[in-house]
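> Protein sequence lines, in the order shown, are assigned to chains W and F. Positions in the first sequence are counted from 1; adding 64 to them yields this note's numbering. Positions in the second sequence are counted from 1; adding 498 to them yields this note's numbering.
Calculated from the structure, these hints are not laboratory results. Here the structure is a predicted model, which means the values were calculated and not measured. No residue lacks a Cβ here, since even glycine has one placed at the ideal position from N, Cα and C. Possibly wrong hints are sitting among the right ones.
[Said to hold, decoys possible] Just the calculated beta-carbon pair ranges, DEER-fashion: (1) F:A503 to W:D168: 34 to 40 Å; (2) W:Q139 to F:I514: 29 to 35 Å; (3) W:D168 to F:A673: 23 to 29 Å; (4) W:T185 to F:P805: 44 to 50 Å; (5) W:N147 to F:S812: 25 to 31 Å; (6) F:T654 to W:N147: 49 to 55 Å; (7) F:R696 to W:M65: 34 to 40 Å; (8) F:D717 to W:P165: 20 to 26 Å; (9) W:T185 to F:R501: 23 to 29 Å; (10) F:G595 to W:Q139: 50 to 56 Å; (11) W:D168 to F:F526: 31 to 37 Å; (12) W:I130 to F:G650: 55 to 61 Å; (13) W:P165 to F:E792: 43 to 49 Å; (14) F:G650 to W:R78: 33 to 39 Å.
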Amino acid sequence: MITIDEITIVRDGREIIYDYSEQIPAGSITAIVGPNGSGKSTLLAAIAGDIAPSKGTITIDDVHPILTSPALLAQMRAVAIQNQSYHLGFTVRQIIELAGPADDVMKALALTSLADRLVTTLSGGEAQRVSIAAAIAQQTPVLLLDEPLSAQDVSSRKRIIELLQKLAESGVTIVVVAHSAEAELTWADKVIKQFL
Amino acid sequence: MKRLAPAILLVFATLIAIYMGAAEIENFWSALISPGSNEILWQIRIPRVTAALIVGASLALAGLLAQGVCNNALAEPSILGTTAGASLGTVLAVITGLAQVGSIGAIICGAVGAMAATSLTFKLANLRAQLSSFALIIVGIAVSAIFTAVVGLVSTMVSRADARSISFWNFGSLALVTKENLVGISITAIIGAIIAWRISPALDRLSLGDATAFHLGVDVTKLRLIALIALSLLAGGAVSTVGSIAFIGLAAPHIARFIYGPTHRTLVFHTAIIGAFLVVVADTLSRTIAQPNELPIGLVTSLLGAPVLIALVSLKNNVWRTQ
Chain W
65 MITIDEITIV
75 RDGREIIYDY
85 SEQIPAGSIT
95 AIVGPNGSGK
105 STLLAAIAGD
115 IAPSKGTITI
125 DDVHPILTSP
135 ALLAQMRAVA
145 IQNQSYHLGF
155 TVRQIIELAG
165 PADDVMKALA
175 LTSLADRLVT
185 TLSGGEAQRV
195 SIAAAIAQQT
205 PVLLLDEPLS
215 AQDVSSRKRI
225 IELLQKLAES
235 GVTIVVVAHS
245 AEAELTWADK
255 VIKQFL
Chain F
499 MKRLAPAILL
509 VFATLIAIYM
519 GAAEIENFWS
529 ALISPGSNEI
539 LWQIRIPRVT
549 AALIVGASLA
559 LAGLLAQGVC
569 NNALAEPSIL
579 GTTAGASLGT
589 VLAVITGLAQ
599 VGSIGAIICG
609 AVGAMAATSL
619 TFKLANLRAQ
629 LSSFALIIVG
639 IAVSAIFTAV
649 VGLVSTMVSR
659 ADARSISFWN
669 FGSLALVTKE
679 NLVGISITAI
689 IGAIIAWRIS
699 PALDRLSLGD
709 ATAFHLGVDV
719 TKLRLIALIA
729 LSLLAGGAVS
739 TVGSIAFIGL
749 AAPHIARFIY
759 GPTHRTLVFH
769 TAIIGAFLVV
779 VADTLSRTIA
789 QPNELPIGLV
799 TSLLGAPVLI
809 ALVSLKNNVW
819 RTQ
């Protein structure tokens, strides 16, 4: 369970999120929807422990991410950021293995045939799937994904959603940031629309 | 074979470096296996070639750490101000009588200078809590220029012979290395190499960016601090003993990445071997091609390293290509 309690987040002097509370149930998929600049990615970053709220608290199963060491936090939550860039020519397999075991997740996301390709040679959609695969390979109870479907074709979207649903059934808490243009969010158990 | 090629080349280059010089060594092989038997061999040439090996490995590892920790293909000790900081630290220690060139005291002062200059670069390039790649290079060049200018000023203002010339600090020389100098640079090289080896997995993760490295459990601030200490020790040891030698910190890690890929644990070993090889070859050339004169080694490393680097960058299979 992720508990967001009356948080306010100020960045560069601008109030991005004000006095916001929410509860995200364990073992489910929650989608945060909103247009660009609405603060949904900021909320995800705050849950991930990247930024501290100016007021209020966020807890993941009673643990405060912002007060937890990076090593311990990496066992609690995994994150796939938007537009992950790759500078060094690791292969797809090497990138995923930096996070955890690669074989199963590569198979589930149709990346096995790309395993030995340099990540710097992938298309946007393929690179996004590698980023999602790495987050899943980290095998944490909480999975935070920033616009994971934005660069995917229909079949890849279906594949990713099916995998996320399977993970949620096994008890993983999944939070997905989705653009407001995202047509159907029937695959999510809960949709947060406060950022619309 | 690919794994061992640089090591085999290094052994050959080392033997040639020990063999070649102004004076011919009689019964070379028997003198080589009898320590102390030949004064030129054991008092001059072997210490010098050993220093070349250690300095080459140190500068190469310093470059690998600089590139890894800045996540920037252009970062290297001379661009980050590390080399100039080490020069200034050593020059100040020498002219104040605190230490002699090549002594452990000078190495400590060099490492402190290296750390001060690099920290300044990191601090000034840290924009919006992120190490900006562009600012890092611009600020690093500026910090380097300031420290180099101060080294020049201080070196011309004092007449003490042991302060050495501006040319020594700008281009480096192994001509004055003694057996006693080897202890200090061996210590810094070993400590630097062990730290580089230990932080290698974290450097792999850092190549995905600060945010993703943090998500994967890396304490980025702590990692940068540890790498900064190792980088300063490696560059401080090398520069305070033999002056600045250009291009090794840039060329050796790039050559190693091209051959062995981007994984830092593999790169630590191979980068050190390639750096040692480049400096041994450059030093042999610098003291043999214009006999009886000796060329500054920094000129030779630039002439050797730059074309290799250009050739590698222009090849398609470049591991530093950005997506």
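> If I claimed the Cβ atoms of G595 (chain F) and Q139 (chain W) lie 50 to 56 Å apart, would that claim hold in this structure?
The hinted range 50 to 56 Å holds for G595 (chain F) and Q139 (chain W), with Cβ atoms some 54 Å apart.
> CB of T185 (chain W) to CB of R501 (chain F), is that within 23 to 29 Å?
holds, 25 Å
> Does the Cβ pair T654 (chain F), N147 (chain W) satisfy 49 to 55 Å?
holds, 51 Å
> Regarding D168 (chain W) and A673 (chain F), is the given constraint of 23 to 29 Å on their beta-carbon distance met?
violated, 60 Å
> Range hint 33 to 39 Å: satisfied by the CB atoms of G650 (chain F) and R78 (chain W)?
violated, 47 Å
> Return holds or violated for the Cβ distance of P165 (chain W) and E792 (chain F) against the range 43 to 49 Å.
violated, 56 Å
> Lying within 34 to 40 Å: is that true of the beta-carbon distance R696 (chain F) to M65 (chain W)?
holds, 37 Å
> At the C-beta level, are Q139 (chain W) and I514 (chain F) separated by a distance inside 29 to 35 Å?
53 Å Cβ-Cβ, so the 29 to 35 Å window is violated.
> A range of 25 to 31 Å was offered for this pair. Does it hold for the Cβ distance of N147 (chain W) and S812 (chain F)?
With Cβ atoms ~28 Å apart, the hint holds.
> Tell me if the beta carbons of D717 (chain F) and P165 (chain W) are separated by a distance inside 20 to 26 Å.
holds, 24 Å
> State, for the Cβ atoms of D168 (chain W) and F526 (chain F), whether the hinted interval 31 to 37 Å holds or is violated.
violated, 60 Å
> Taking the Cβ atom of T185 (chain W) and the Cβ atom of P805 (chain F), is their distance within the range 44 to 50 Å?
violated, 27 Å
Hint compliance for this structure: hints 2, 3, 4, 11, 12, 13 and 14 are broken, all remaining hints hold.
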